[in-house]
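Q: Sequence:
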Amino acid sequence: MTIKSLLIGSAAAIVAVSTAQAADAIVAADPEPVQYVQVCDAFGDGFFYIPGTETCLKFSGYVQAQAQYVSTDNTPATSDTTFTNEARLQIEAKSDSEIGTIASTMRLTAGSSVAGGAGDFTVDRANISIGDGNVLNVGLNGSIYDFSPVGEQSFIASGAGGQQVMYTVAADSATFAVQVVATEDGAKVSGDVVGKMTFSAGDISVAAAVGYAGNEVSGERTGARVDVAYMGFAAHYDWSQDANSGSFGSGYTHVYGVAYAFDASDKLNIALAADMADGFAGNAAQDAVALSANATYTIVENLTVAARVIYTDYNTAHPTADTTALRFRLKRSF
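Take the sequence shown: its position 257, counting from 1, is numbered 882 in our numbering, and each next residue is one higher.
Source of the hints: derived by calculation from the structure; they are not laboratory data.
Treat the hints with care, since some could be wrong.
[What the hints assert, rightly or not] Distance condition first, Cα-Cα at most 20 angstroms in a straight line; then the derived EDC-like pairs of lysine to aspartate or glutamate:
no. : residue 1 : residue 2
1   : Lys719    : Glu679
2   : Lys719    : Asp797
3   : Lys683    : Asp705
4   : Lys683    : Asp698
5   : Lys683    : Asp891
6   : Lys719    : Asp666
7   : Lys956    : Asp757
8   : Lys683    : Asp666
9   : Lys683    : Asp797
10  : Lys956    : Glu711
11  : Lys683    : Asp721
12  : Lys892    : Asp947
13  : Lys683    : Glu777
14  : Lys719    : Glu777
15  : Lys956    : Asp891
16  : Lys956    : Asp888
17  : Lys956    : Glu926
A quick note: this is a predicted structure, and the numbers were derived from the prediction, not measured.
Please build the complete structure, drawing on both the sequences and the hints.
A: Structure representation (structure tokens):
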């Protein structure tokens with residue numbers, strides 16, 4: 626056998642073995658396609674499509690730490706310092722349909738303090754809305770009666786939150802809403818009814834509401850309020866049928882307020898407010914005045930620190946009950 630014949634034979638043997646081994650090789654399957662999260666810009670910032678669906682989802686909320694010092698002009702004077710925090714998570718889901726936008730909102734809130742320990746999360750919003758412009762909302766929600774010019778003013782009555790049905794009609798520059806809220810007072814279930822109108826034209830905006838509540842336990846309560854705002858200036862009036870606290874009852878018959886909010890810089894906002902209340906339990910001797918200032922500074926985007934001071938002065942009926950409160954908040958929103 627020549628060297629040439631030996632080399633040819635060896636090459637043929639190697640090819641044969643390689644072919645046999647290739648027949649038994651495992652071929653990897655093609656990877657499954659990956660569904661990347663896509664931005665949904667149909668409903669505003671922060672929404673994204675749930676993979677494989679046409680539903681858009683958004684997570685938002687905040688974590689807040691607060692310290693507050695309150696001094697009361699008693700004899701002897703007393704003071705108290707509290708430390709609290711609050712966490713909130715809100716989940717929104719929206720999608721288009723032949724009957725308009727279908728939206729659902731769920732919100733969980735928890736608060737705690739050094740003295741009271743950690744608090745459990747509670748669901749304070751869980752509702753479904755249907756429509757665009759004219760919207761039907763059903764479920765657990767707050768009261769549309771709760772609003773004020775600068776967000777934090779004194780002596781203002783609040784509406785009741787709970788299971789509600791609300792219908793909102795939107796016009797070119799105005800909205801009209803009617804809300805019925807079912808609440809419990811002891812063993813009785815009552816219905817709070819609120820009607821609200823908002824209007825805007827240029828730099829002027831007006832919000833007005835009237836509410837009614839009542840059952841066999843607490844009796845009837847009626848309240849009304851109106852806010853007018855113009856270029857940072859605002860005026861507020863709140864009326865309650867009686868001085869009872871609760872839905873539409875602030876403890877006073879009349880509450881008057883003025884406020885001014887402005888941006889001192891691109892990061893610092895200052896809000897000033899003055900409020901006067903009279904007719905406490907039908908007793909004019911228990912009128913009160915409150916002055917407050919709030920400064921909010923944006924450290925970086927979505928991280929703010931705020932300081933608020935409020936002085937409340939009671940007339941001669943409570944000469945030693947005047948209070949001064951100083952509050953600091955650090956808030957991270959997302």
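Q: Now, for every hint given, state plainly whether the structure supports it.
A: Going down the list of hints, with the structure as the test:
Under the criterion of a C-alpha separation no larger than 20 angstroms, the hint pairing Lys719 with Glu679 is consistent with the structure, at around 9 angstroms. Pair hint Lys719 plus Asp797 does not hold up; C-alpha atoms about 24 angstroms apart against a cutoff of 20 angstroms. Proximity of Lys683 to Asp705 is assessed by CA-CA distance (about 39 angstroms); at most 20 angstroms being required, the pair is judged violated. For the proposed pair Lys683 and Asp698, the alpha carbon gap of about 47 angstroms is over 20 angstroms, so the pair is violated.
Between Lys683 and Asp891 the CA atoms are separated by roughly 27 angstroms; this puts the pair beyond 20 angstroms, and the hint is violated. Annotation: proposed proximity of Lys719 to Asp666 holds, straight-line Cα distance about 11 angstroms (limit 20 angstroms). With a CA separation close to 32 angstroms, the supplied pair Lys956 and Asp757 exceeds the 20 angstroms bound. Note on Lys683 and Asp666: the hinted pairing holds, with a Cα-Cα distance of about 11 angstroms set against a maximum of 20 angstroms.
Only pairs whose Cα atoms come within 20 angstroms are accepted, and Lys683 paired with Asp797 is rejected, the gap being roughly 28 angstroms. Taking the CA atoms of Lys956 and Glu711, the gap is about 9 angstroms. The hint holds against a cut of 20 angstroms. With a C-alpha separation of about 15 angstroms, the suggested pair Lys683 and Asp721 falls inside the 20 angstroms cut-off, and the hint holds. Of the supplied pair hints, the one linking Lys892 and Asp947 is violated, its CA atoms being roughly 33 angstroms apart against a limit of 20 angstroms.
For the proposed pair Lys683 and Glu777, the alpha carbon gap of about 27 angstroms is over 20 angstroms, so the pair is violated. Proximity of Lys719 to Glu777 is assessed by CA-CA distance (about 31 angstroms); at most 20 angstroms being required, the pair is judged violated. For the proposed pair Lys956 and Asp891, the alpha carbon gap of about 18 angstroms is at most 20 angstroms, so the pair holds. Of the pairs offered as hints, the one joining Lys956 and Asp888 holds, with about 19 angstroms between alpha carbons and a cut-off of 20 angstroms not exceeded.
At roughly 11 angstroms between alpha-carbon atoms, Lys956 and Glu926 fall within 20 angstroms of each other, so this suggested pair holds.
Hints 2, 3, 4, 5, 7, 9, 12, 13, 14 from the list above are not met by this structure, while the remaining hints are.
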